[in-house]
Amino acid sequence: MSLLHEVFARAKAENRAVLIAYLPAGYPTEDGAVECIAAMVEGGVDIVEIGFPYSDPVMDGPTIQAAVNISLAGGTKSATVINTVKRVAELGVPTLVMSYWNPIERYGLTEFATDFSAAGGSGVITPDLTPEEAQEWIAATSDKNVERVFLVALSSSDERISKVANVTTGFVYAGAVMGVTGARTSLSDAIEGLVAKVRRHTDLPVAVGLGVSTPEQAKEIAQYADGVIVGSAFVTAIEQGGPAAAKALAQALSKGLTR
Amino acid sequence: MAPNDVVAMPDLRGHFGKFGGRFVPEALMAALDELDEAFRKAMVDPNFLKQLRDLQVNYTGRPSPITEAKRFSEHAGGATVLLKREDLNHTGSHKINNVLGQGLLTQRMGKTRVIAETGAGQHGVATATVAALLGLECVVYMGEEDTKRQALNVARMKLLGATVVPVTNGSRTLKDAINEAMRDWVANVENTHYMLGTVAGPAPFPEMVRDFHRIIGDESREQMLDRFGRLPDVVAACVGGGSNAIGIFTAFIPDSDVRLLGLEAGGDGIETGRHASTIVGGAVGVLHGARSYIMQDDDGQTIESHSISAGLDYPSVGPEHAYLADIGRAEYRSVTDTEAMQAFKLLCETEGIIPAIETAHALAGALEIGKELGPGAIILVNLSGRGDKDVETAAKWFGMNP
Chain U
755 MSLLHEVFAR AKAENRAVLI AYLPAGYPTE DGAVECIAAM VEGGVDIVEI GFPYSDPVMD
815 GPTIQAAVNI SLAGGTKSAT VINTVKRVAE LGVPTLVMSY WNPIERYGLT EFATDFSAAG
875 GSGVITPDLT PEEAQEWIAA TSDKNVERVF LVALSSSDER ISKVANVTTG FVYAGAVMGV
935 TGARTSLSDA IEGLVAKVRR HTDLPVAVGL GVSTPEQAKE IAQYADGVIV GSAFVTAIEQ
995 GGPAAAKALA QALSKGLTR
Chain R
333 MAPNDVVAMP DLRGHFGKFG GRFVPEALMA ALDELDEAFR KAMVDPNFLK QLRDLQVNYT
393 GRPSPITEAK RFSEHAGGAT VLLKREDLNH TGSHKINNVL GQGLLTQRMG KTRVIAETGA
453 GQHGVATATV AALLGLECVV YMGEEDTKRQ ALNVARMKLL GATVVPVTNG SRTLKDAINE
513 AMRDWVANVE NTHYMLGTVA GPAPFPEMVR DFHRIIGDES REQMLDRFGR LPDVVAACVG
573 GGSNAIGIFT AFIPDSDVRL LGLEAGGDGI ETGRHASTIV GGAVGVLHGA RSYIMQDDDG
633 QTIESHSISA GLDYPSVGPE HAYLADIGRA EYRSVTDTEA MQAFKLLCET EGIIPAIETA
693 HALAGALEIG KELGPGAIIL VNLSGRGDKD VETAAKWFGM NP
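Quick note, the sequences are listed as chains U and R, same order.
All residue numbers for the first sequence refer to our numbering, where the first residue is 755 and numbers rise by one.
All residue numbers for the second sequence refer to our numbering, where the first residue is 333 and numbers rise by one.
Bound conformation, chain R alone (with noise of 0.2 Å):
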């Protein structure tokens, strides 16, 4: 299969070979259908795409920059770590490039009411900053054990007017916020957009948010052919539900000489089954409408991930990292917690930049290829989010707290 045929997908009906599809009620179909139909219509309308153009550039600050994190590249083996500055985006992460293009879609299907799930609170607040923007009513859902670790992004939401619904049911993660918000969906779709947060869920929204992602890779590559006259090596990105590191991936698909690294949470370790490597260590099924790797038991039923970042603490994936970890086009390795809370010291303490610990995943992979490729190879991580909202779960982890 040529690489481009790669970018081509998914199928008609949302496939990305066996993954993706709509695995939703009959309740939703008309939904996703006229969703469907809003996103492709907008996406070829000069006046969306100029609308969506001046959001990007004026509100959110378009384009991140590439920094050169020279200290920190001297603990990856005399590779060079260069960052893609998502972080510095409104809103602190790449969330929200989405929910500015969702937004818009919103309005032009007459909707006057937006949901989202949200882990980490990192699209929670993108949303409710969109739906302020756009004069949106929005409810965001979110477990309640998130609302503890992630208490600064819950104060933001309330602040930008948003409804913040902490959900008490199963594991009370991200898993159970995609639960309720899809209960809300079925039964308010009429006047309600679910604006979900990543590349999961019932086409077309796989497709749908990589898109609206994939401006971070598109600048990215653009930026290092007119800086450093090269494409990187590697480019790396944390893998949840996988929308930051689609959104990098995609552009460099084509050019197959550059490795597509995504790091998973892998909690206190595969080993123990504690942890959100779906793709490392889960199998094929079938959660929240779309088939992917899932981590599950033998009678199907969904197990509860586990990772001190709650952006990642998801037990599915989007089925495009399924697609490409099964054709090999990008490879998919684990971190753990104590790993990942390693780089993010170090990317504090020879940066000056606290990364949010869903991207100290990344940067821990980074380190550690960067040690396999040594001098001269160029690693790209997406630093895909800023750790304000970290700053109590790290304090506490490092022992920092009086």
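This is chain U alone, in the form it adopts within the complex (with noise of 0.2 Å):
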């Protein structure tokens, strides 16, 4: 079993869900990345999203824009992206990629594959990767210990979410809201059910992100969904109180997981 996998078992039989926490590599600088990861594993995340920043993230809200613009502008590369995937593999916690599309197709797909395992990395999720256009990267990461990671959004009919979790092998992650990422004040409704139908379809464990942002939505989220994924927030309070500040969010949303 991958450690991603074993990580969700893991809080399976200990009746909670995963926090799953996301932060673009480089914000706010390469080392400061690393270092606020550090600190949210610490305070309860049990799995790590690192943002591949990208020139034109048409899914993300302003909080994420302006943190991937930093990032960029202090000179991050594909090679800070392994790099710190490799840092943050090493504090042993699963660590996964989240990329648009054209950086990876551009690394060279089976290329990619190859150094993100080779430094320690669980899986990549692609979120503007269509299972229609994936038989490449499902060839190319097969036969590395790469799990594949695509979303499922509240418009998405049963046939669709047939598609997405057959060539899914991590998780499937389940959009809480119709738009880009950041934080929202309340969720829809029909989330529950997007879950629940998902749930039809496999047997993989299901996470819940994109508007989910405090310990309430968490807490409530944690009752149906095998994990919980908080970006934005993350983002927000490292720009107010650095790690420490990261720490206590990871705290605050971890405690409400147990069901």
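If you're looking for bench data, these hints aren't it; they were derived computationally from the structure.
The beta-carbon is built from N, C-alpha and C at its ideal position, and this holds for glycine as well.
Among these hints, one or two may not hold up.
[Said to hold, decoys possible] Footprint (simulated), chain R over chain U, 3 or more residues, beta carbon under 8 Å:
1. 825-838
2. 844-857
3. 883-894
4. 899-910
Each of the two chains sits in its own frame; use the hints to bring them together as a complex.
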């Protein structure tokens, strides 16, 4: 069993959802990102998503856009991302990369899967790679212990959920809102139904993200999902209070995840 | 491959060879499927086609004429330059062809709001126009940089009742306006149609926008045979995203003797890196939902494009153009700001027609290829838009400001 699935299995045995945290590589700096993530893991984060900063983040709201701009302006390259994965994986936590498709395609699919795996990475989340376009990515990852994570949306039909589930190996990422990343005061009531719908198509873990920022929201989602994904709220915490604030947020979020 | 197979493109998932496809968030897939289905049904529905035809004739003013540019041709090595006058369409460019089709589709899908990106403002104006005509709410995203250089079109959109949102991210041009429109669409997809203005983006946009613009080439081909008794030797058009070019190329693709020439924006020159010539100077990648030629660095980050023309200032290109370039059916060249502005001035002074600066790139290409082909050759240029919006930029370029 892969480290990623071990962590989900352990949490299931403990009757709780896992906490998945997102932070772009190179934010606020390369070292600063690793330092913050270490603090977040101490605070209770189970799984880490390293964002691959990209010039055209069409799925991100203002908070992550700003963080990505800071990272790119600071000189973040593909090599920075791989190096960050290596340093975070050394903390012993399953480490994923979340990337828009072009940077991976530019790196080379096989080359990226190889280098990512060698760095100790667990899986790659590809939010704008549709299952229909994923054949080469499946071929590049299948013999490298690199889990593939695809997304489902509130608008996804059963047919589309089935397509997504068929190409996913890590966990299914269920988007809690229709829209870009960023904190929301209220989430759609339909998200619980979406998670239930996904479960009819796969036994893989289902994690919920997009718009999730508060301990209250995390606690509610933990009642029916296997994982809770938080991104923008960590970026904001770090902006305001550095690693200590990120750790405090992780503690607050993880507290409510036991059912 | 027989030329007719080229016209039959794309495949069922929107691929033109290795280009095109759909690289979008899952949240948009349902809307793209819905659009695809509505488009296919509409194109075989006599009522839809009749409605569209009526608007093309009685609202846009089609067919647009072909003008023989006699005095301009004297500078083209003895070749004859003909102008397909899309600048005479209502709203002043070819863009109206596409938005009429998509506007009617929006109504058929029961959506009440349209959003659009715009560079030069021509597509924004066209979208605001059709939204007013059909009673749709309209929001246009425009790079802040472009709102400055195309202030006239911003005012036109506002007069037509549209909301214009200046985009302050990234390079503050067309690329960033598309990013912002996509963010809006993901959040409001239930009541909103994204009226993409060029033959780029995820399937079915490249195919759909092409099919709404192919009337340019269909008319031209017939007009050439009726009036001149022959087809042109070259069909030339400017290429940013590439909608006017695909529009005039499509009917001529099976005519293998007709050369198809796309003119990309060369900005300060390819060698300076400050340009928008994605086919001539870019590499294969994915941007805005499709695989095509894009401008990117070694890490896959988009490189900002540069052109005096806001409408061509875009770091990707429609996937069908990438395909036509790859199979050698169309040829793409780069025209610098300086070359385009020389052609702009020449058309003003020899024909009494002020072209859009975008279009001036095609005119510069026509002058060049005319000199290569010499007397007897006929070059058909898609005069895709008029230049009222560019008067200030041009006056500044030529030092005509008081």
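*Which numbered hints turn out to be false for this structure?*
none
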